[in-house]
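J.: Listed below are the residues making up each chain.
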Amino acid sequence: MQRSSTVQPPADIGRKETGSGRRLSKDRIRKLLLGTRDRNGWIKLVVIYGLLICIGFIYVYPLLYMVSASFMSLDDLLDSSIQWIPSGLNLSNYRQAGVSMNYWNSLLQSFLIAGLPTLCTLVSCALTGYGLARYKFRGRGVIIGLIILTFVLPRQITMIPTYNMYANLGILNSIWSFIVPALVGQGLNAPIFIMIFWQFFRTVPQALVEAAKIDGAGHFKSFFRISLPSAAPAFITVALFSFVWYWNEFYLTQLYVHGVLVESSLTTLVIQLQNFNTNYSAYAQTAANGATNLNESIKMAGTLITVLPLMIIYFVLQRHFVESIDRTGITGE
Amino acid sequence: MTAYAKPRPKKENRIRVKRGPLEKKEARAGFLFVLPWIIGAAVFLVYPLIMSFWYALNNIRLTSEGMKFTFLLQGNFTQILLSDPDFLPELVDYLLSTVISVPVIVVFAMMIALMLNEKIRGKSFFRLIFFLPVIIVSGPILASLTEQNASSISVIDTQAVISAISTFLPPIVATPIASLFSNMVTILWYSGVPILIFLSALQKIDRSQYEAAYVDGASGWEMFWKITLPSLKPMILLNCIYTVVFVSSNDQNRLIGLIKNAMFSGTSEKGYGYASAMAWIYSLVVLILVGIFTLVFLGRKDRYEREAKKLDRKAKAERRNVLRIQRRQARHAKKFNRPTAR
Chain A
1 MQRSSTVQPP
11 ADIGRKETGS
21 GRRLSKDRIR
31 KLLLGTRDRN
41 GWIKLVVIYG
51 LLICIGFIYV
61 YPLLYMVSAS
71 FMSLDDLLDS
81 SIQWIPSGLN
91 LSNYRQAGVS
101 MNYWNSLLQS
111 FLIAGLPTLC
121 TLVSCALTGY
131 GLARYKFRGR
141 GVIIGLIILT
151 FVLPRQITMI
161 PTYNMYANLG
171 ILNSIWSFIV
181 PALVGQGLNA
191 PIFIMIFWQF
201 FRTVPQALVE
211 AAKIDGAGHF
221 KSFFRISLPS
231 AAPAFITVAL
241 FSFVWYWNEF
251 YLTQLYVHGV
261 LVESSLTTLV
271 IQLQNFNTNY
281 SAYAQTAANG
291 ATNLNESIKM
301 AGTLITVLPL
311 MIIYFVLQRH
321 FVESIDRTGI
331 TGE
Chain B
1001 MTAYAKPRPK
1011 KENRIRVKRG
1021 PLEKKEARAG
1031 FLFVLPWIIG
1041 AAVFLVYPLI
1051 MSFWYALNNI
1061 RLTSEGMKFT
1071 FLLQGNFTQI
1081 LLSDPDFLPE
1091 LVDYLLSTVI
1101 SVPVIVVFAM
1111 MIALMLNEKI
1121 RGKSFFRLIF
1131 FLPVIIVSGP
1141 ILASLTEQNA
1151 SSISVIDTQA
1161 VISAISTFLP
1171 PIVATPIASL
1181 FSNMVTILWY
1191 SGVPILIFLS
1201 ALQKIDRSQY
1211 EAAYVDGASG
1221 WEMFWKITLP
1231 SLKPMILLNC
1241 IYTVVFVSSN
1251 DQNRLIGLIK
1261 NAMFSGTSEK
1271 GYGYASAMAW
1281 IYSLVVLILV
1291 GIFTLVFLGR
1301 KDRYEREAKK
1311 LDRKAKAERR
1321 NVLRIQRRQA
1331 RHAKKFNRPT
1341 AR
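Heads up: the protein sequence lines correspond to chains A and B, in order. Number 59 in the working numbering belongs to position 59 of the first sequence; there are no gaps in the numbering. Number 1248 in the working numbering belongs to position 248 of the second sequence; there are no gaps in the numbering.
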């Protein structure tokens, strides 16, 4: 009470003089509960915090469940008295899941399969975005329209001829089938990234570019020296999202890189997770070291170690993720 | 007479100026920057699009000498729509669940964004939580979580809700709603990026608008409807399209799995042609869906704009009326003045 009365908004001053003083008057209570112009009322705050915490819990519930279940031994799973906290730290689930997924190998390949196309996407989308933002030329509107169309159009429509084309070129079931389209701005979700770069390069002051031009900088020099250095936020955003989306992609990775009919040796963690049941049963049959039958805990452990690398990246770079959209100005100036 | 003399405002004729060498050079440089994308679009968009349309009209069989085409015209389409046991029900299911879940996701994202935009403590912590799903939303991971029943909220008795719904509503509506409830968490997980988009749009709304409204005595409720919501409208459209696209391309969508299966099924009537026809139908449905959302949120103009247009139209009609009267007067004057003029 004391604290709140010292920061009373000026609107209160007149009323205070007329009698209520510092005591708890009806008016003050009303103001504390319902709020004034400058501060939220307690009722509102309670509702907001309550909702945020409840929804936040619902949001992370599957993750909490996953973490909790992944540590449980078979006895814990069967024991109905154990709901959340396992009886002990049971790491064998992780060991078994990891071995059956061929974890370190898959992890490395995941990084390559997500990372290399991301680099290519960065280069091609930055160039395209810059060209659209900085120059006016005939057919620019058509190109922008096509970019929006490619965003909305499902990938399935071009999938089959593209698959054929890759097969003819001999790049099917190799990482090149991801790199080549990314190099020419047709990678996964490339339209979004082109839009981000486009929006961003539009905000680079034109005067700066003009000044560089007067000083004798050519088109490419002014791109590399003036626009690129200021576009770091856009690059970070695009790199993060592209990496995450490539990492999580299953449908196209399976089709182009891993292979459907003939499977290549290339695999990612997400693909390993999808094939977890068959992989694990193959492992459990051959392994002599007392592998248990597949159970919920092992599956959850496998899911968790699939998500874990991204989670670590997310928590290390959280600021960049969360502020990404603010800084790229995709919501307009 | 002044109104009569005033010429009608003509649409501005754009004067075509011949482009100078400098502008040509600029245009060429811009073209050069976009060239990689144009090549990419030609190879990976236009060519496959045409080919896939051609595929869709054919029955394709893979033989040892390559693909063997048999022209069918609409055969694939009729077969899919009339005799495929899976496709049409899945399509209807997809349509209903998308139409229901997209507004849920967008409204939910807006609510969260509005709450996060208030002056509260731990804002960055909440942002961290609500954005976390973006890095997890992946087909196999979601499938794995759904399989273990981790994707529904055990606190709420979803089963009771579902049974209550299915007693009141016909099954075609009840099923998607029931699936909405049983997959509540994963559906809400799609709202990560929309929350961020809404949040940054909210922060860009001019504070002085609220100040002005406050001075005029508007309540918070009124301010929300008259200031916040109209400012967010373009973002609502953006988020709707984003969500439709992401729900459609997610592996949880069984339709795209169906297309992939048809592509690699060894049977004689299915195969590349059949799958392409499926992909075309599916893509048209997605495009129509996006189109509908665009119409809903773009079609209705701003109220003030509408009002202004109405006034404008009224003024125009009045002016025309005045003109008519003047002309008539002139005519009459001519007629009656003729004898005296002679």
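Read the hints as simulated data drawn from the structure, not as lab findings. Glycine residues also receive a C-beta, built at the ideal position from the N, C-alpha and C atoms. Worth double-checking, as some hints may not be accurate.
[Said to hold, decoys possible] Chain A regions said to be covered by chain B (calculated; three or more residues, Cβ under 8 Å): (1) 155–165; (2) 208–217; (3) 227–236; (4) 320–326.
J.: Now, for every hint given, state plainly whether the structure supports it.
T.: Each hint, compared with the structure:
1. 155–165: The restraint on the stretch 155–165 of chain A holds, since 11 of its residues have a Cβ under 8 Å from chain B and three suffice.
2. 208–217: Coverage by chain B is violated for the stretch 208–217 of chain A (0 residues, Cβ < 8 Å).
3. 227–236: violated (count 0)
4. 320–326: holds (count 5)
Hints 2, 3 from the earlier list are contradicted by this structure; the remaining hints agree with it.
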